[in-house]
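Following the working numbering, the numbering of the sequence shown begins with 1 at its first residue and continues without gaps.
Honestly, I wouldn't trust all of these hints.
Label pairs and their in silico Cβ distance ranges [as the list claims (entries may be wrong)]:
| hint | residue 1 | residue 2 | range |
| --- | --- | --- | --- |
| 1 | LYS140 | ARG193 | 17 to 23 Å |
| 2 | LYS191 | GLU15 | 37 to 43 Å |
| 3 | SER87 | LYS259 | 30 to 36 Å |
With a cut-off of at most 30 Å between alpha-carbon atoms, the simulated DSS-like pairs for lysine-lysine come out as follows [unchecked claim]:
| hint | residue 1 | residue 2 |
| --- | --- | --- |
| 4 | LYS273 | LYS192 |
| 5 | LYS192 | LYS127 |
| 6 | LYS140 | LYS192 |
| 7 | LYS191 | LYS175 |
| 8 | LYS273 | LYS183 |
| 9 | LYS232 | LYS183 |
| 10 | LYS113 | LYS140 |
| 11 | LYS224 | LYS191 |
| 12 | LYS273 | LYS140 |
| 13 | LYS83 | LYS113 |
| 14 | LYS224 | LYS183 |
| 15 | LYS175 | LYS220 |
| 16 | LYS224 | LYS140 |
No lab work stands behind these hints: they were computed from the structure.
For glycine and all other residues, C-beta sits at the position ideal for the given N, C-alpha and C.
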Amino acid sequence: MSAYRQNEHHLTLSERMQILSAGTKYDSCNQSAVCHAFGPDGRCIQLYKTLLSNSCAGECAYCPNRCERETKRAFLEPVEIAKITWSFYRRNAIDGLFLSSGIMGDAEYTSQKQLEVVELLRGQGFKGYINIRVMPGTPKYLLEQIADHADKFGVNAETTNSVNYSEICPNFDYKNDVLQRLKWTRDLIEKKRSEYSGMGKMVGANDTQFVLGAVAESDKEVVKTVHRFMDKYALRRPYFMSFDPVPDTPLENGSPSPKWREQRLYQMSFLLKDYGLRSSDFDEIYDEYGYLSNADPKEVLARSQPDRFPVDINSAEMSELLMVPGIGPISANRIVRARPIVSEQELCRVGVVVSRARPYISINGSRQMNLSSFMGACS
Numbered sequence: 001m002s003a004y005r006q007n008e009h010h011l012t013l014s015e016r017m018q019i020l021s022a023g024t025k026y027d028s029c030n031q032s033a034v035c036h037a038f039g040p041d042g043r044c045i046q047l048y049k050t051l052l053s054n055s056c057a058g059e060c061a062y063c064p065n066r067c068e069r070e071t072k073r074a075f076l077e078p079v080e081i082a083k084i085t086w087s088f089y090r091r092n093a094i095d096g097l098f099l100s101s102g103i104m105g106d107a108e109y110t111s112q113k114q115l116e117v118v119e120l121l122r123g124q125g126f127k128g129y130i131n132i133r134v135m136p137g138t139p140k141y142l143l144e145q146i147a148d149h150a151d152k153f154g155v156n157a158e159t160t161n162s163v164n165y166s167e168i169c170p171n172f173d174y175k176n177d178v179l180q181r182l183k184w185t186r187d188l189i190e191k192k193r194s195e196y197s198g199m200g201k202m203v204g205a206n207d208t209q210f211v212l213g214a215v216a217e218s219d220k221e222v223v224k225t226v227h228r229f230m231d232k233y234a235l236r237r238p239y240f241m242s243f244d245p246v247p248d249t250p251l252e253n254g255s256p257s258p259k260w261r262e263q264r265l266y267q268m269s270f271l272l273k274d275y276g277l278r279s280s281d282f283d284e285i286y287d288e289y290g291y292l293s294n295a296d297p298k299e300v301l302a303r304s305q306p307d308r309f310p311v312d313i314n315s316a317e318m319s320e321l322l323m324v325p326g327i328g329p330i331s332a333n334r335i336v337r338a339r340p341i342v343s344e345q346e347l348c349r350v351g352v353v354v355s356r357a358r359p360y361i362s363i364n365g366s367r368q369m370n371l372s373s374f375m376g377a378c379s
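Taking the hints into account, I'd like the entire structure generated from these sequences.
What follows is the structure in structure tokens.
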């Protein structure tokens, strides 16, 4: 029996599926076999989410699947994953597959097994969505082959810099095993988009994941890293997973990271990605330790800059509209197209959350702060 499988028990297929779906806790979705994700066109899709194996050569300090931890190990053969995926897909239970794994011996062997899964599925005519979470250290030639079949693929950064990474993932090198793979992924995605230009095919953007609170990185550090990755690696979507201490790991006595921190960092990432803001724009809203409060960061930023408001709906530039709480990219575009706007009811119709926007806007120089405006406008 292979070294990475020597601790496995005799388990039914159902038991192995359950173990390996639960083992994806630190990979962007929930712990069920079917999870929700978003495709490159923004559509919410359902994916069968599993590990190939939860046996792992890695010693990541936060991970329940780390090599030195006593836990029940399981493995699914590539042909089994292909069959399970088809079974869900034919019943319309899923739109595709999210495949990750523990590191089975080394990154190269693990990636070869992941490639075997996608080659089986595509060879059998599978047209669904496939997202492969590749291992740190995956060789370039395998990443290139995975790119030929998968809609999305990428490696998890886990944290913000080499020092933090060496603390929680001592087997790997942040610069070579992670950042280099993010660069290769960016290049391969750009190549695929060029090849598919005009063919109507969707190509997934680069993404990665951060585990929040396993080390003492501040929110300010995370946001700066996300912004840097967006500029350097064309990162489209960062995922955040709150650290939760696992028994029998080096960090078992650590403090869990609050779940609301994920939400606030997702909001920050949208402001960077969709609103054109830069990480430095938020410097004034962190506390003295570089952390966010549990409040909408866009509204906190607006409150911290009273001289910028009110914004006149009919004369403001797009960049000014986007800074108003309750106005997003879609509603800002609708406002520009629908001008002149004469009432809050018109703002409601174009999608503005007027109850949030009201303190920060005026309409033709007039701030409508009477009782009817508070009670009659949409919330």
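Now the hints, each set against the structure:
1. Taking the beta carbon of each, LYS140 and ARG193 are about 19 Å apart, inside 17 to 23 Å as hinted.
2. Taken as a hint, the range 37 to 43 Å holds for the pair LYS191 and GLU15, whose Cβ atoms sit roughly 41 Å apart.
3. Distance hint check for SER87 and LYS259: the Cβ-Cβ separation is about 33 Å, which falls inside the suggested range of 30 to 36 Å.
4. Between the alpha carbons of LYS273 and LYS192 the distance comes to roughly 22 Å, so the proposed pair stays at or under 30 Å and holds.
5. At most 30 Å may separate the alpha-carbon atoms for a hinted pair to count; LYS192 and LYS127 meet this at roughly 17 Å.
6. Annotation: proposed proximity of LYS140 to LYS192 holds, straight-line Cα distance about 15 Å (limit 30 Å).
7. At most 30 Å may separate the alpha-carbon atoms for a hinted pair to count; LYS191 and LYS175 meet this at roughly 23 Å.
8. Only pairs whose Cα atoms come within 30 Å are accepted, and LYS273 paired with LYS183 is accepted, the gap being roughly 19 Å.
9. The suggested pairing of LYS232 with LYS183 holds, with an alpha-carbon distance near 8 Å, which does not exceed 30 Å.
10. With a CA separation close to 15 Å, the supplied pair LYS113 and LYS140 stays within the 30 Å bound.
11. With a C-alpha separation of about 27 Å, the suggested pairing of LYS224 with LYS191 holds against the 30 Å cut-off.
12. For the hint linking LYS273 to LYS140, the alpha-carbon distance of about 28 Å falls within 30 Å, and the restraint holds.
13. The straight-line distance between the Cα atoms of LYS83 and LYS113 is roughly 15 Å, inside the 30 Å bound, and the hint therefore holds.
14. Note on LYS224 and LYS183: the hinted pairing holds, with a Cα-Cα distance of about 18 Å set against a maximum of 30 Å.
15. The straight-line distance between the Cα atoms of LYS175 and LYS220 is roughly 21 Å, inside the 30 Å bound, and the hint therefore holds.
16. Straight-line distance between C-alpha atoms of LYS224 and LYS140 comes to about 27 Å, which keeps the hinted pair within the 30 Å bound.
The structure shown violates none of the earlier numbered hints.
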